[in-house]
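Asks: Sequence:
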Amino acid sequence: KDSLVDNNCISCKEEDENANNNNNNNNAYYQYQEPEVNAMCEELYEGSAKCEKNLKYKNPAYRDTGSCDYIQKILPVLEKVYHKNGSTGGAATAFAVLFGLSTVGASAAAYYFYSKVERTT
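Going letter by letter, the sequence shown gives residues 30 to 150 in my numbering.
Please keep in mind that the hints were generated in silico from the structure rather than gathered at the bench.
This structure is a prediction, so every number in the text was calculated from the model and none was measured.
Where a beta carbon is used, it is the ideal one built from N, C-alpha and C, also for glycine.
Each hint can be trusted.
Lysine-lysine pairs mimicking DSS-like chemistry, simulated, CA-CA at most 27 angstroms apart:
(1) 113 <-> 102
(2) 109 <-> 82
(3) 85 <-> 42
Ranges between beta-carbon positions, derived for each pair:
(4) 121 <-> 90: 38 to 46 angstroms
(5) 147 <-> 123: 35 to 43 angstroms
(6) 34 <-> 66: 19 to 27 angstroms
(7) 101 <-> 74: 14 to 22 angstroms
(8) 130 <-> 77: 38 to 46 angstroms
(9) 96 <-> 35: 17 to 25 angstroms
(10) 107 <-> 74: 18 to 26 angstroms
(11) 142 <-> 77: 49 to 57 angstroms
Take these sequences, add in the hints, and give me the full structure.
Replies: Following this line, the structure appears as structure tokens:
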């Protein structure tokens, strides 16, 4: 089974449209300038689930730990279900069959009592 994550990567480095002009002019400022991150990658990073609980180089007050529980507990369970082709076991199937049979039985009882009331009136 294939992984949920694709191995193909895209570059998040912002392409500088003036790069050729600056390199041709030997402009030292542009040669040593740190590359910018493109908007799509920045938005994806900001909206992504992060667990920065054990991050040493960031102030604890600014660490994003809101998704730690999701990443450490829920994602592994979803990965297991994915690798089993969605089958979670017999309990879900048993409850679905029980629900279906009880729905058919309740419908039959409702029809029986409705027809009995109609015959008496």
